[in-house]
Amino acid sequence: MNTSPPSPEASARPAGLRRQAEALASALPPLMADARHLAATVQLGQHGRRRSGMGDEFWQYRPAHAGDGARAIDWRRSGRADQQFVREKEWQAAQSVHLWVDDARSMEFTGDPKRQAKADRARLLALALAVLLIRAGERVGLADPVAPPRSGEVQLLRLAQALTRPAGEADFGAPEARAILPGSRAVFISDFMADPAAVEAALGHAADRGVRGVLLQVLDPVEEAFPFDGRTIFESMGGTVAHETRKAGDLRDRYLARLAERKARLSALAAQAGWLFTTHHTGDPAQGALLWLYAALGKGR
Amino acid sequence: MLILGPIGFTLPWLLWGLVVLPVLWLLLRAVPPAPIRRRFPGVALLLGLKDEDHQADRTPWWLLLLRMLAVAALILGFAGPVLNPDVKAAGNGPLMIVVDGSWADARDWSSRSGRIAAALTEAGRAGRTAALVSLTDLPPGGPVFTAADAVAERLPSVQPMPWEPDAAAMQGLAAALPEGGFETLWLSDGLDRDGRAALAGALAAKGPVTVVESPRDVRALGGAQIADGKVNARVLRARSDIAMTADVVAHGLDPSGIERELARVTARFEAGSGEAEASFDLPPELRNRVTRLEIANETTAGAVALTDDALKRRKVALVTAGAGQEGLELLSPDHYLRQALAPTADLIDGTLTDVLVASPDVIIMADVGRVPETEALLDWIDEGGLLVRFAGPHLASTDVGRDTLDPLLPVRLRTGGRAVGGTMSWGEPKALAPFEEGSPFFGLAIPPDVTVTAQILAQPGPDLADATIARLADGTPLVTRRQVTDGQIVLFHVSANAEWSSLPLSGLFVQMLERLAVSGRASRPEAEELAGTTWKPEKVLDAFGTLGEADEMPGVAGEVLADPVIGPDLRPGLYASGDRRLALNAVAADRTLTAATWPAGVTVEGLAVARELPLKGWFLVAALAMLLADIIAALAVGGRLGRASRGVTPAIALVLAFAVAPSDLRAQQDEAALVREAGNVVLAHVLTGDRETDRVAEAGLWGLSEVLFARTSVEPVEPVGVNLETDELSVFTFLYWPVTADQKAPTPAAYAKLNRYLHTGGMILFDTRDADVAGFGSASPEGKRLQALAAPLDIPPLEILPKDHVLTRAFYLVQDFPGRFSGAPLWVEAAPPDAEQVEGMPFRNLNDNVTPVVIGGNDWASAWAVDENGQYMFPVGRGLGGERQREIAYRFGVNLIMHVLTGNYKSDQVHVPALLERLGQ
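Residue numbers (this note's numbering), protein chains in the order written: chain A, 1 to 301; chain B, 1 to 921.
Misleading hints may appear alongside valid ones.
[Stated by the list, open to error] Simulated restraints on C-beta separations:
| hint | chain 1 | residue 1 | chain 2 | residue 2 | range |
| --- | --- | --- | --- | --- | --- |
| 1 | A | Pro113 | B | Trp16 | 24 to 32 Å |
| 2 | A | Leu157 | B | Gln871 | 50 to 58 Å |
| 3 | A | Gln287 | B | Arg711 | 25 to 33 Å |
| 4 | A | Pro113 | B | Gly689 | 48 to 56 Å |
| 5 | B | Tyr872 | A | Leu157 | 27 to 35 Å |
Think of the hints as simulated: they come from the structure by calculation, not from any bench. The beta carbon of each residue, even a glycine, is placed where N, CA and C say it ideally should be.
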């Protein structure tokens, strides 16, 4: 009766917090679930390091050589034979992997409302890769200082949170290479529609520090096909860049030539820096790209 | 109004709008199609690219032309184009419209009132006054000219009447015509009648007279009469130039009380004759039911003839002498009479006193000697009664009419009877002599086996020959008749049972009775009989020949009905007094129709004037269609119709695509496909028309083809869907037929093809796909549909797949045949009944050929189905067990195809030891 209603300021804070939390939570579980689901398909057949070394998991018993300390001998096993055996663990040396997922506006494009946007696919691939890597004991982080590489399941949550940040304002994104640790691995996922000079600079910076990695170009099938005709004004997703044509159909061949040129250039850049490059289309299943990413990272290990 | 050839324009000044078309051309040409704004990240790659040409800068010429035409059609449409413009010089002065308003107008009344409305509208436009006069419904104070619009409002209340204009009324109108000159439009019904010429003359004196007459002839029915058991109706017509026919229909209630057409005859008019006769030869049962006759397709009161008592069933009273012998029905004097009369007459039983109260039409007395109630009976005969008597032992043993003429007998009788041809008498039984002309029985065929062995003889006299209407071969009378005032007395000189003659046993007896009963019908009451009676209208006819209730009409005195003049006070219809009914028809029985003739100087035109056809709507529709086409074309030019749209062809293709909806997923087999299908193993599935089912079937066969390719030497190419109607089946070895509940049955031609396919070694796997919900064979919808679909197929007897069937070992050793579901039994061609297991052999020697059908419900296609990425489309079971089930499903598929391709090869004894070893135990 005589209790006054709470002031707007008092109620707004918890409500606003909760709203944000709900928005975050609503995006996270599906992304996490998708990523785990996707990662689960890769699990089979890819076993750890397959080498003996430091680690927790049992790897093999081997006959003791001269030079093996007495503490190294596994007495339980040796007791069953005349020989002495050493219990070896699987090597679990961790490596740092930096992910950079383009969050520019151009990644929000999808040529078909029923198809995933490029950004969604890129995030999914990145997180699924992170799941795989963390499961394998690696340390995974982002290329920017927000989430430095760590291991463990909690890092996954952190990564998912960082990846579902709202998109940046820029129309086209440039790779981030400042926070990459020397000697680590890097994964750049983007549509690489921006000026390739930025990519070149980032790759140079990374190569200088002995970082190797992969470039994954995510494109919408519409971007590959250019199925437009008639008088058209093309705008970038942010609306900052526009191009008007009277016969879009006539531009198709030249556009495709330029796209091929762009891919060739990226491929060449990657080859120079010892990186790997491929193109993935959102119309295809994500599994293939994830497999490729995982294999590419495993290469040269 | 501007007139160009056959087209006139009501608003010609709008045509000046056509002048702006060239300006519009220039304007439209200068404005290119609006651009589409698209969000596209690839724009970064487009920067700096120049357009190669500027063609699309301007709208293409054909699009411009389309728009020009659309605008031109709009302008022309709004200018009010009219085909066959009516440019008659408008008259002036008042307009008098005269309508006959008789029943003859009713048939085309709507066009008449349309013509009147047109004339009134025209008069209203010209500002003329008008008057509307219906000759059957004259205004009390003579015609008055008022504004045409006011007259038009009154038009719906002017209706035709079921009578004809009265000559006196027309004279009155001629006398009461308004002062001053006026123009007259007379819508004539086409019949000539007294007073018409005088009125036409009077009208012509006032001004020009235009007569509108329908070119159709007027026809009418002049009442129905009964003569010699036939219903005859006079069919009349007004124009008697050419020979033609008219259908006359008898309507009546059927036994269930529903009115329907009972009979139809065609009356034939000779050239030059205005009268024809429609003669209905109806069985009495039908004739009694007839309620009205009418000329087919002639909806006027004149074309309807109502029937009354004259066509009704007779009331016949049977009077016999006492109770007679009990239990001997065939000997009963009235047994044969009852049999003969019951179908056609209402029989009344009882003593004479009782039946006289019921006032029957006919009284039949079989073997009655002396009649005590002679007086009452005579009175009844005087009023038109028909007394029919039969002789018999009683009558023969009395002395009635022996000495003098008995009032209830037609002739004097001789004492005693006469027996011929009996055991105690000489001579042969007598036959009947042919009926003489003038006898009511004239024309009846006499069966040769009708003989008379005993009779009562008449006393010879001068009038005996006149009274005799039937006689025996020796000239003695068999039936005699005497007229008594209005009635008559008929005596059969034989008994009514079969004791004295075989007449009652023959059909002739029935026909003679019918002739007598018919000639004794209730005739039309005479004037003196009608005097003093009051008749209440029961139903009345309107001008259109429909019977309506007459609840509020006053009764009519009998004197009026004696000489009826149909008019407002005496409407045609059915009148009743007591239980007597009297029909009054719109056309008197003696009426003849004559076509109207008009004096010179009167313009006569038909009802249908050359109709103005406003073209505005058509022009506007054309403009709209062109604008719609313009939308599609503009979309095509602007690149908004999608990738494939360049130029005009896609727009046309789009329209065509909508017009010709694809009826089938698969085009007809072309030659290349035939060669491919004939040269390879092709798994085929029957197209069911259900897209999802067809898709799954195709994917399933695709999966099975992959498995076959991988595991066996059978290397099938891509599976195809088969349209049973159009495709050649002989190139396929195996058809998978998923059965859906609403599948359309193939045509007989397709069934013939299927049967040929089955006879020549093809196999069909029917899959009801419902094993999860129904045990196979129970009444699932698919199961029922399968039964219906397979009924016309030539399928041998089936049995549940026996354990030693070759399908269990054609490639893999399998014992059950799961698909996506498992457990439902599989049906194959039954083993021959003499198949027996030979000692030492593991399998019976079964059929020597491939089972033509395999029927089951396990939804194999879903278990086999893989999508384009090679993934299984549907889950099967759970976990490893499910995967095992899918594997078995594939193995069944492999076995099935192997069985189709190799027949009973695996039944060969060569393999028995190895198979035994593998089977273990």
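We went through each hint and held it up to the structure:
1. A hinted range of 24 to 32 Å for the beta carbons of Pro113/A and Trp16/B is inconsistent with their spacing of about 51 Å.
2. A C-beta distance of roughly 31 Å is found between Leu157/A and Gln871/B, which places it outside the suggested range of 50 to 58 Å.
3. Our hint of 25 to 33 Å for Gln287/A and Arg711/B holds, since their Cβ atoms are close to 26 Å apart.
4. Between Pro113/A and Gly689/B the beta carbon distance is about 30 Å. The supplied range of 48 to 56 Å is therefore violated.
5. At about 34 Å, the beta-carbon gap between Tyr872/B and Leu157/A stays in the expected band of 27 to 35 Å.
In summary, the numbered hints that this structure violates are 1, 2 and 4.
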